[in-house]
Amino acid sequence: MEKFDCIVVGAGPSGNAAAYTLAKAGLSVLQIERGEYPGSKNVQGAILYSDALERIIPEFRDEAPLERHIIEQRMWVLDDDSYIGTHYRSDAFNQKPYNRYTILRAQFDKWFSEKVAQQGVLVICETTVTDLIMDGKRVVGVRTDREQGEVFADIVILADGVNSLLAKKAGFHPELNPGDVALAVKEILFLPQESVESRFNVNEGEGVVIEMIGKITQGMMGTGFLYTNQESITIGVGCMLSDFKKERIPPYLLLERMKNHPAIKPLIQGGEMKEYTAHLIPEGGLRAMPQICGDGWMIVGDSGMFVNAVHREGSNLAMTTGRLAAETVIDLKRAGKDFTSANLASYRSRLDDSFVMKDLAKYRDMPGVFHANPQFFTTYPELLNNAARTMLTVDGGDKKSKEREILRSFTRSRTLPGLLSDAYKMWRALR
Amino acid sequence: MLHIVVCIKQVPDSAQIRVHPVTNTIMRQGVPAIINPYDLYALEEALRIKDKFGAYVTVITMGPPQAENALRKALSFGADDAILVTDRAFAGADTLATSFALASAIGQIEKNMPVDLVFCGKQTIDGDTAQVGPGIAKRLELELLTYISSIESVNAAKREIVVQRRSEGGVQVLKTRLPSLITMLEGSNEMRFATMPNMIRAAKTKVSRWDRVAAGIEDVSNIGLKGSPTVVSKVFAPSPKTVKAEMVQTESNDPQDLAASLLMRMFTKFPQVREEIARSAN
Ligand SMILES: Cc1cc2nc3c(=O)[nH]c(=O)nc-3n(C[C@H](O)[C@H](O)[C@H](O)COP(=O)(O)OP(=O)(O)OC[C@H]3O[C@@H](n4cnc5c(N)ncnc54)[C@H](O)[C@@H]3O)c2cc1C
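These protein sequence lines map, in sequence, to chains Y and B. In this text, residue positions in the first sequence follow the numbering used here: the first is 3, and each later residue adds one. In this text, residue positions in the second sequence follow the numbering used here: the first is 1058, and each later residue adds one.
Note that these hints are calculated values from the structure, not bench results. Just so it is clear, the structure is predicted and the values come from calculations on it, not from any experiment. Wrong hints could be hidden among the right ones.
As the list claims (entries may be wrong) - Think about it this way: if two alpha-carbon atoms lie no more than 16 Å apart in a straight line, the pair counts; the simulated EDC-like pairs of lysine to aspartate or glutamate are:
#1 B:Lys1261 - Y:Glu116
#2 B:Lys1298 - Y:Glu274
#3 B:Lys1301 - Y:Glu274
#4 Y:Lys117 - Y:Glu56
#5 B:Lys1261 - Y:Glu4
#6 B:Lys1283 - B:Asp1144
#7 Y:Lys339 - Y:Glu329
Between the sequences and the hints, there should be enough to build the whole structure, so can you do that?
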């Protein structure tokens, strides 16, 4: 029977970060991934935040499959046929080392996994972990769907992504609440490199991100996004699962409508669809976070709800939690200490000291506020867009009257106390 | 103990190959590599012989360094040893040069442990020639058995093997002596599910890498592009489909409405269908 220092379940960014860090410190690591190869199960097209990866593989820029570095961020608030928004573009983002990149997850995860294997991790694919093996309250190994499938370790790191069945089965994790997860659908649309660059006004290697909020989600709590890759565009939309359930809007139809928005359509025109995927994102934030470690086990990445939904940051929290979990294990091992719940608590304090918990704490009220106040996704986008149109239409009306008309439109639909209360709620949630 | 060598090849998964919509060339990027499916029948058959009669199974492939993944997979199914024959000098090989290189490498394997059986798939899905197996047999003077659908028995002591071979008229039952080379037909067996200990062993095993010299080849004129007389006179892509799928949508999304909308569209496009239906209804 095989026994390892550590078993890592899952080969997404969090599992790879953990496995890499552990093996680099000389621990024996077995990593188990159910996909055909690492990345095969992962939603394509994403933003990579350099910092988190740089702390694990400093030279990643020379090797990793990266698409474009981002030099411009657009934030759009959409009405049915218009948008109002801001664009921020800076040549500072063209200074090396670049800060954010677009990537294709299938390729990126595969590369990351090769690095992990080079560190000496035994990476096993096409194998599903079905159960945690317990000795009393302590996790001592995992059971897989293969014959003679039991393997043992001093510590098991759960990096199995959103909706961790293992954590649920073991009772570490309650059933996911549909109000705490978003369902996102996205597509990769193929376009020649020249079209991407001319449509988005960028040079070779440079990229643009568009974040969208408003009518595209048809009143549901959610956002849309668009990223430019080397010769394709990632476009997608995600809303809370509970809202999809309530509104009974098929997700693909939502995306189809979004693609037909007059501001979006010309950007993606002629794009050949390469890939359509749907995936859950844990967006419950700090309030929905499960217990993250116990006797012989730890949770990292999506399975621990480590996602900052407001900034659409996930992979960087995944990598950071993976690395911090690994560092906790390495330190305990070096000190000759056991992986008990009490000793592993230092994982929590490492997280508290990092941006991970600080950011999640900052936005802990966000999900609740947005849930209770759908006007942020419907009424306000409409009001803002109408205001812009009123001001920009030259029709003989004087500007003062126009201003009054705009103000009236706001108070009419939200009332003055309503407006004040909305502003207060936003301020509280973002504080 | 019987010694079986299984030749495998890593090929792009043809089910997942896409054609570049603009340039019409094959997009290899992102296409997963798999073991040539026919080779899996060969490997499984070898492993079954191992289970029944006891055998040492060596898998071999000639290919780029990434082909190591295919060998590792073969190890996880239960092969005992794996050899990757890899050298820039092999690049551009056709079936003649490939069979030369593999035969030479098997000759080297034999120096450590005599080989009783060589297994190959019927053909590869990326080349479809079915020439490499016979090429190896001829060079190593092995009894050649192609398109084999099952192995009836192997007698190591009498050095005999009995196989079933599918032919046009029916099934031939053939007996021959060892050493022989067998190319396996598809559908003859089903690859096993690797056990966890074998998965771990495969991940741990160091795959041997043989360059040209280790494979016993001194003269480069028989390998790679130089040893490949095949001439590819033309490559063309079939013209892509110009008809695109249409999406049927209605406001309500009600199945009834959707069906009605679909029928309406069909009738407008193909009036003869409508007439046909009307006629048969009368
Ligand atoms: C549409 C969408 C867009 C996103 N965009 C971004 C973005 O732009 N930037 C960003 O930073 N983040 C983004 N995210 C979030 C990001 O994808 C995740 O936060 C990140 O992938 C989490 O990494 P992980 O390793 O925890 O989980 P995953 O990447 O989900 O990996 C989990 C792995 O575990 C495997 N696994 C699961 N169960 C088992 C089992 N029982 N046995 C064996 N293996 C198992 C799975 O196959 C999978 O490979 C996005 C998410 C979605 C859905």
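*Is the Cα-Cα distance between B:Lys1283 and B:Asp1144 16 Å or less?*
14 Å, holds
*Taking only the CA atoms, is the gap from Y:Lys339 to Y:Glu329 under or equal to 16 Å?*
Answer holds: Y:Lys339 to Y:Glu329 is near 14 Å, not above 16 Å.
*Are the Cα positions of B:Lys1261 and Y:Glu116 separated by 16 Å at most?*
The given pair, whose Cα atoms are some 15 Å apart, holds under the 16 Å limit.
_Y:Lys117 paired with Y:Glu56 [C-alpha distance capped at 16 Å]_ = Cα-Cα ~13 Å, so holds.
_Given hint Y:Glu274 paired with B:Lys1298 - CA-CA distance at most 16 Å_ = 13 Å, holds
_Checking one constraint from the list: CA of B:Lys1261 to CA of Y:Glu4, max 16 Å. Satisfied?_
12 Å, holds
*Between B:Lys1301 and Y:Glu274, does the CA-CA distance stay at or below 16 Å?*
11 Å, holds
Checked against the numbered hints above, the structure violates none of them.
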